[in-house]
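A.B. asks: Residue strings, one per chain:
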Amino acid sequence: AENEPPWGTPCTQLLVFVATPGCDGFPNLDSKENYKLSVSEGSLLLSADAVWGALRGLETFSQLVGRDENGTFYINETEIVDFPRFPHRGLLLDTSRHYLPLRAILETLDVMAYNKFNVFHWHIVDDPSFPYESLTFPELSKQGAFNAMTHVYTASDVQTVIEYARLRGIRVIAEFDTPGHTLSWGPGAPGLLTPCYSGKDPSGTYGPINPILNSTYQFVTSLFQEVSAVFPDFFLHLGGDEVDFTCWKSNPKIRAFMKEMGFGEDYKKLESFYIQRLLDIISSLGKGYIVWQEVFDNGVKVRPDTIIHVWKENSTPYMEEMANVTKAGYRALLSAPWYLNRISYGQDWMVAYQVEPLKFEGVAEQKDRVIGGEACMWGEYVDVTNLAPRLW
Amino acid sequence: RYYEYMFGQSWRRQRGRRPLGPRAEPELSQLQVVIEARDPGCHSYPHLASSEAYHLTVTEPVAILKADEVWGALRGLETFSQLVHEDDYGSFLVNESEIDDFPRFAHRGILLDTSRHYLPLKSILTNLDAMAFNKFNVLHWHIVDDQSFPYQSIYFPELSDKGAYSYNHIYTPTDVRLVIEYARLRGIRVIPEFDTPGHTQSWGKGQKDLLTPCYSGEYPTGSFGPVNPILNTTYDFMTKFYKEISSVFPDAYIHLGGDEVNFDCWKSNPEVKEFMKKQGFGIDYAKLESYYIEKILDIVSSYNKGYVVWQEVFDNKAQLKPDTVVQVWMGNNYAHELSRVTGAGFTAILAAPWYLDYISYGQDWKKYYSVEPLNFPGSEKQKKLLIGGEACLWGEFVDATNLTPRLWPRASAVGERLWSSSNVTNLQDAYERLTNHRCRML
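Chains A and B are the protein sequences, given in the same order.
First residue of the first sequence: 1, per full-length UniProt numbering; consecutive thereafter.
First residue of the second sequence: 1, per full-length UniProt numbering; consecutive thereafter.
Bound conformation, chain B alone:
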C-alpha cells in the first residue's frame, strides 16, 4: 500500500517502463527493510511493550530501514513515504537523510463511539488508515453504550438482536475480525470497551434482569438504571460474556468503562437498599459501585486480561489490581488527577484535553497541540506511569457523513504530541507541516 501512497496512479513510474540509459542525478532504486529481532512479529499482535523504534538511512543507491520489530518497520515506512515528494516535472525525489526515531509515549490512541451512531465498517477502516498516517497505535473501540448495542455476541445474540438500531446496524464476528486484522497490519491494537455498570440501557433490551429496575415509592416505574450489582445472575452473565470478549479480542487489555454511574435508580430500588444494609455500605453508593467493579475486575483477570477503566473507578476507591490502567477524562484540573492516579502507583492514559467531539470555530488544533501531558506535579517515577493518551471522538453528533473531516486533521496534533519529543512545540513550524500533511492524507 505504501507504493500506492508514494507514487499514486502514476503508471509511468512502474518498474520497467522507465526509459533506459544513464541518468545524471543520483538515483534511489531500492528501500531495504531489515528487521533485527529473531521473531519480527509479523504473525503476532502489537502490544503495549512492542518496539516501534526505527532507523532510516536514505542514501544513493539503496536506502535502509532498520527496526527491531515489524512495528518499527511500519512506522519507518510511513516516515519514508512522507519524505518522498514530487517535483514540478513529475520526478519523485527524496532527500538524503539519516533518521533515528521512536515514540515518546507507547499508548497513542483514538476513541471511536459506535453506539451513539453506528459507523459502517468502511468508516472504521478509513479511520485506521488515517491513524497509521499519524502513527497512532491504539483503536479504543467504544462499541456499545446506552443508545445501541451493535456488537453481535455469539453467546448472547439477543443483545444485538434487541439492542442494535436495526439488523443493518450490527458488527458481526466477521466484521470484528476484519477490523482487528486491518488494524494489526497497521500496527494498531484494538482495545474494545464494554462500559458497565452505567451506560448500559441498550444491554437491557436483550438481556432480561440485567439492569436495575427503578422504583417510585413501592412500585417499579418501568424504567431501568445501571447493571444490577446485587444479583448472582448478573455475574453469571458477565462471566460468560467476558469469556467471549476475551477470546474475540486478542489484545492483552479490555476497557471496562465504569464512568458516570448514576445512583438514583439504585437508591430507589428496595432490594438494592436492603443489600446495602446487609453489606454495611450505609448510604455510600460508591461502595456498591466498587463492589460491582471489583467483581468484574476479578472475572476479567481470570481470563488473563489486563484492564483499563475510566477515572471514576479510581476516584470512588475501588480496589484495583496494581497493573490497572486508569483513563483520565474529566476536564477540570486533570493534571491534579494525573498526580493522584500515578501517585497511587497506577498507570494512566490522558484523554481529558483531547475530546475532539467538542468542535469550535477556528484553528483549535493549536490547543490540542499545546498540551504537555507530563505537566503535572509528580516524581520521575510517577511521570513514567503516564503511558500515553487518546483523542476521543464521541458519537452524539458524529456519523459516517462527518466523521473524517471532524476527526482529521485535528487528531494529527494529538498524534504528534504523543509521538514526538517534548521539545517539538513550535506552532508555526507545526502549522506548515500540518498543512502539507493534511493534503497528503487527502
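Just chain A, with the same shape it has in the complex:
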C-alpha cells in the first residue's frame, strides 16, 4: 500500500558477541546475565559478558520479533541494556506428591527460559513418594516410589534434566528434605526413621529421621555423597521444615538421649543437633546449602554463607522474617507470597506481581542479602494434567 512506511533493508543475521563464554560450564549464583542488544538498520547485535547473558538476550530478541498481517517478520529499531535485579530467580516443582513425567519437567524448563528464570528447585522426594533412583541405595526408590518401574527418575533422567536446564542457563538445585518429610525413605532404609511409640510399645508408625543413631549419619553421608556428585550446582537444598516432634517425644530411647544430652524438653535442640551434623557433612562434601526458615527460626548454628528460604506467610509476617534473617547476616530467598499452588479465582497474578521483596525495615547491607526468590508449585493437587495451566 502506498501509505505504508517503507521497510528497512532486511536483516539476515543476529551477531552474538560473548566476552568470556563459558559454554561448557554450569551457571552459578555469580554468573553474569547482563546483555546489550542493538537493533538498527542493517545491524543486529547482541553482546554479553558470559553465555548466560547471551541466552537472556536471545530470549528478549525473540520476543521483539513481530509479524504483520502479510506474514512479514519485522523488528523495531531498539537499544537495550539489560540485567537482572536478583541473581536467584527460581521455580519449585514437587515430584513427590505427584510424579511428574520427564516431559513435564523439560516443558517447564522451556517456559522458565521464556521468563528468564534461572533456578529449578527440584523438590524431588518427600513423604508420599521417593522417585529418585539412587545408585548407592536402590531400595529407596524400589520401595518408596509410587511405582518403581514407571514413577522414577533414573540417573539418565536426572542428567537429562540437568543438561536441558544448563542449555537454558538454569541451575538445578535438588532438595532432599530432612529430617521431616521423609516417610517414603523408610521402606527402603529400615532403621532410618524414628519408630513411634504408643506407651511402651512401638505403634507401627514412623516419624522423622532418627537423630540419635550413628547409622543415620552414615546413611546420610553416603546418600549425600552421591547427591553431591550427581548434581553439579554448588548448592543443595536440605529442607529442614515442619519437623513434627510428637513421634520423637513418644520414643523412649530418644527421651533417654534428650536427658543424656541435657536438652530437657526442648526438642528444637534435638532437631538442631541433627541439622548441625547434616550441615557439617554437606560442607565436608564441598557444597553450600539452602534451608527452609525453621532452621534459622529454631536457632540452629549454621555457616555464615547459608541461604535461608523464607516461606511462612503468617506465623511471623514474612517481611519481618526477611528482616530478621538478613539482620543476622544470612542471605535470604523469598517464597512466602509466591505459593502458586494456592489457586484462587480471578487475576491473582496481580497479587504476586505487587510483592516488593525489599519492602522491610533494614539497612542497605541487609537488602543486599536478599538474593532473590522462588515461585512454588507444591504437588498435592498438581500432576501433568494440570501443571502447565496452573503454573503459567
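Check before you lean on any hint, since a few could be wrong.
Straight-line distance between alpha carbons at most 35 Å, and here's what the computed DSBU-like set of lysine-lysine pairs gives [unchecked claim]:
(1) B:K366 x A:K312
(2) B:K287 x B:K384
(3) A:K32 x A:K287
(4) B:K383 x B:K66
(5) B:K367 x A:K312
(6) A:K249 x A:K287
(7) B:K122 x A:K116
(8) A:K327 x A:K116
(9) B:K122 x B:K305
By construction, these hints were calculated from the structure, which means they are not laboratory data.
Starting from the known structure of chain A, fit chain B onto it as the hints suggest.
C.D. replies: Positioned in the frame of chain A, the structure of chain B alone reads:
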C-alpha cells in the same frame, strides 16, 4: 467407542487372537443390548422426558443390558465400561452384577461459555465425551455474550462477521451441526443460550440499531446498552433470528437469558424515557424489561419452542407461560429462590452452588458434592418441579488451554449428585470412587 474405552490399545484382546482351548474361569463372551420400546429412538433426539433407565445383568456367559430407550442403553453401556477392570496379569475382569439404575434428576447439564473465550470444536467435543463418562445429558451452550459473537448466523452473517473475535473464531453451521450430532450420539441435548436483552454488546457490531444508544444529557455518548426494547425493528430482527435458531437447534428448549440487565443506559435515553411514560411504567424499568421479555417469549413460543430463562426474568415479575423453566443462579439464599420459583408453579433448574469457574485451593469438589438440591422449604409437588441442575464454567478465565483440568473431575461431583439417589452422600466413599474415575477419564 466403548470397546476402545474398555480394552484400549490392547490388540491382544481382539477377537480371534485369543489362544483357543478351554479356560478354567467363567468367561463373559458377550454383552447383549436390548431396547424394549417399539421405537428405540436411535434416529431421534433426546429430550427432557426421555427414559434413561436401564437394567444390567452381568453373568456367565452373556451379560444383558436392557433399557426402554436407546438413551438408557447409553447410560448402561457407560456403567458396564466402568465395571470392566484389568488385573495385574492383563486379564480383563468384570464382577457378577445385577444393576437397576435410573437418574434422580432428568436435567443434568454443563454450561460452557464460548463468548468470553472462543473454544475450538475439539475442546467442545472432548468435553462432550467427559460429560458422557459422567452421565450428564445437557450441554447448555452459552454461545454468545458481550465479548464476542462466534455463532455464524445464516440470516444475519454480519453478526459474526463483525462480532466474532476473528474469522478463525467462529462456529459455522457445519460446526454447530457437528456438535449437535456428537452430543446426540451420547444422549446429550444441546440447549443454546442467546442471552438478551443484556449481555449483547457483540450483537451491536453486526446489527445496527439493535442496541440502545446511551445518552449523556442530550447527546449520545457513542456507547450502547442492552437491546432496544422500544423499536419495532428489534422485534422484526428477533422474529427472524429466532426462526433460524429454532430450526438450527433441534431441542425443544432454547435458553433466552434475561440476566443482569443494567438499566442505566435505558434511563439515559430520551426516547426510552418517552416510551416508559407512554406505557405507564413510571420509573420502574423492570416493567420495561418484562415488556421486552414477554414479546420475545411470544416470538419463541410461536416457533413451538419451550424456553429457559435466568431467575431475574421471574424475579422481575415478567408474565411467563406456565411451562417456562427458571434457572436459579444467584448464590445468596438460593434455597429461598427455589421455593419462590416452584411455589409459583414454575419448573426450576439449580446452578447457584455449582459455579465451577470459581476455583479455590484444595478439594472443593466436596462442597459441590454436599449440595442437596431439594433442601428448600416446599411441598412434595414443589420439589417435583426441580428438574435438575447445571455445573457452570463461565469463560472469563477459561479457554482451551485450561478448560479440561478446571472443569474435571470437579464436575463429576455434580454429575453424581444429579444422577444418584439422595442417600449417596458419604464423602470418603465418594473420594475413593472419584479418584478411580478420574484416572479412568484420563
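A.B. asks: It remains to establish, for every hint, whether it holds in the given structure.
C.D. replies: Here is how each hint holds up against the structure:
| no. | hint | in the structure |
| --- | --- | --- |
| 1 | B:K366 x A:K312 | holds, 27 Å |
| 2 | B:K287 x B:K384 | holds, 30 Å |
| 3 | A:K32 x A:K287 | holds, 21 Å |
| 4 | B:K383 x B:K66 | holds, 29 Å |
| 5 | B:K367 x A:K312 | holds, 27 Å |
| 6 | A:K249 x A:K287 | holds, 32 Å |
| 7 | B:K122 x A:K116 | holds, 33 Å |
| 8 | A:K327 x A:K116 | holds, 29 Å |
| 9 | B:K122 x B:K305 | holds, 29 Å |
When held up to the earlier numbered hints, the structure conflicts with none and fits them all.
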